[in-house]
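Asker: Next come the chains, spelled out residue by residue.
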Amino acid sequence: MSSSSYWGIRLTRRELLLATLASGALLGSGVSFLRWLIDSPLASATTFIGRADSYDADIRGIILRGLNELGVTATHLRGKRILLKPNLVETHEGAPHINTHPHVVRGAIEAFLSLGAESVVIGEGPGHRRDTLEVLEASGLGSLLYEDRIPFLNVNYETGIQVPNRGGQSRLSTLTFPRVVQDVDWIVSMAKLKTHHWAGATLAMKNLFGIMPGLYYGWPKNVLHQAGIPQTIVDITATLRPHLAIVDGIVGMEGDGPIMGTPVQVGAIIMGRNFPAVDATCCRIMGIDPYKIRYLRMADQWLGPIHEGQIEQRGELISTVQKPFALIDAIPAHRGIRLR
Amino acid sequence: MLTQRENSVLSSIQRLKARVTPTGGFSPTGSSREDRPDATAWAILLLAAVHPGSELLEPARTRLVHYQLNDGRVVISLNYPEVFWPTALAILAWHPSPAHQVYQTKAVEFLLNTTGKHWIRTSDSPVAHDTALRGWPWIEHTHSWVEATALAMLALYTVGRGEHARVKEAIALLLDRQLPHGGWNYGNTLVFGHELWPSPEDTGAALTALAGQVAEAAVQRSLEYLATRVTRIRTPIALGWSLLGLKAWGKLPKDAHAWIEETLRRESRYGEYDTASLCLLLASQVELQGLSPRH
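Residue numbers (our numbering), protein chains in the order written: chain G, 109 to 448; chain H, 5 to 299.
There's no promise every hint is true.
Said to hold, decoys possible - Covered, in the sense of this in silico footprint (three residues per stretch, anywhere, with C-beta under 8 Å from a C-beta of chain H), are these stretches of chain G: (1) 265-273; (2) 324-330.
Stated by the list, open to error - Going by beta-carbon spacing under 8 Å, a handful of chain H positions derived as facing chain G: (3) T7; (4) P141; (5) E205.
I should point out that these hints are in silico values taken from the structure, not numbers from a laboratory.
All C-beta atoms, glycine included, are put in the ideal place defined by N, C-alpha and C.
Excised from the complex, chain G in its bound form (with noise of 0.2 Å):
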């Protein structure tokens, strides 16, 4: 991680010193170095969008690009050991959109690989299957690694690590993640750009709900809704410290997502290192004002900044790609989302 970036906040090297040493007095005081960084009114994130018109682009490219837009280069990866945690939920027949495609996981693998990272792993734990290996194959991802010799890891059935639930906003004292979150460097988020009928939108802060263990939380796992799907969102994020969002929005689903919602050609790759900020950028992209996604507003200001003038957008300009998704008035969680 750069010594001048926490998360994707980009700060000066007297702010970073201020804030060092503040964290000193202010850890006396039980006021945590990480909520005090992040409150802080000095947040400003980058989010860069690539155009990629099908999943026959070059997206190892488009990805390249989005690393070094964001400041991530050989240096920051070199000899890294890389977890990607694609989104796979379900698989049907004629439904591709479901999932993150294996083509966007792909272009991540090189991308990292190129840039001197030593390993790249697969990890992912869907909440609606038992066989992982099923979802796996019958999403097309299962060949793809298995050519390029990539390790997949279902974390479902991973033995887990408690830690203190860094995020708070929950009742859930501790969160249980998957050995494998201590064995590698970076976490990469490669989500799909998505509405959720209990979540409003499903993207690179929610997608981390699948590396929660299944084991632990259940299929589904209802430990997380019971204990309120904004709330864990949050806590889960807060907690794992994620490295990257890697959004696939080439094809996204409007309607009654994450599963039986239509898919929607949007030709686009979001990518950013302030998960907040990159899910913002995305709710833009579909239409959603992310004021109104409930997750968002509480991470907001906290995690990071979700306020359009505080994002600073490379690559494609939101305008350019921006498609208004499909909503439904009889969800709730639809309902007044749209950006006007």
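Take the given structure of chain G and dock chain H to it, following the hints.
Answerer: Below, chain H alone, put in the same frame as chain G:
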């Protein structure tokens, strides 16, 4: 001369035996040296079916006691008292060991006195299933779901509690959660008016638990879905439960063994299967305690 089927079961048993840990329990994977109760219970079930006199069985059953809390629940780890879904597996694994009957009885009482989180569905509910029907959850204080309920039912049948009101209610729950076009998924039917899709492993588990309890007509569409779907499955959990479900209704496909063999060969693609998956994959090829047809 061993048949090919016997060979694959026996070679898998040899691999399982290598996963026994110094505690007497079984590890979830070949590379781990720590036991876990779900892995131990599945290993006991397969081992007991093939080598009922194995000296590994009683220490493994005793190791499961380590994960039992005072109220009878068997937890995935002592750090997670709320994660009690291994209780049903432990009940099956303790059967019929006289030395473990007292633990089994406590576990049965726990299951009979425990339910998920339930509520009366309101007219504006986004979900279509009857949320008041009680089955069993995976984790404490969550809703009842299909596979966790099916496993609890199978455990209760095994100890002769199939007539208990909770089992009758669970049968009603499974029928209520059956998808209109056939099959089951994890446990939602329609959400916001859209019918969800079935999954083979949940369908297989539900059919196994309903066999001998309801008329075939009540699950006809699900049997048809599974009979078609199973031909394309070559992964262990989905294939294992699918074959068990079809076998429970006397419909084990003639190619079942070939599919299992093919699935075993695919370990070269995925790496060694975890203990529970491996045992489940082979379950239809042996007479597993509690998971074989009850006709």
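Asker: Are the hints correct? Go through all of them and say.
Answerer: Evaluated hints:
A stretch counts as covered by a chain when three or more of its residues have a beta carbon under 8 Å from one of that chain; for the region 265-273 of chain G and chain H the count is 3, and the coverage holds. Remark: the region 324-330 of chain G is confirmed as covered by chain H, as 6 of its residues place a Cβ nearer than 8 Å to a Cβ of that chain, reaching the required three. Because the smallest distance between the Cβ of T7 (chain H) and any Cβ of chain G comes to about 27 Å, over 8 Å, the interface hint for this residue is violated. With a least beta-carbon distance of about 7 Å to chain G, the hint placing P141 (chain H) at the interface is held under the 8 Å criterion.
Nearest Cβ of chain G to the Cβ of E205 (chain H): about 5 Å, under the 8 Å cut. The hint holds.
Hint compliance for this structure: hint 3 alone is broken.
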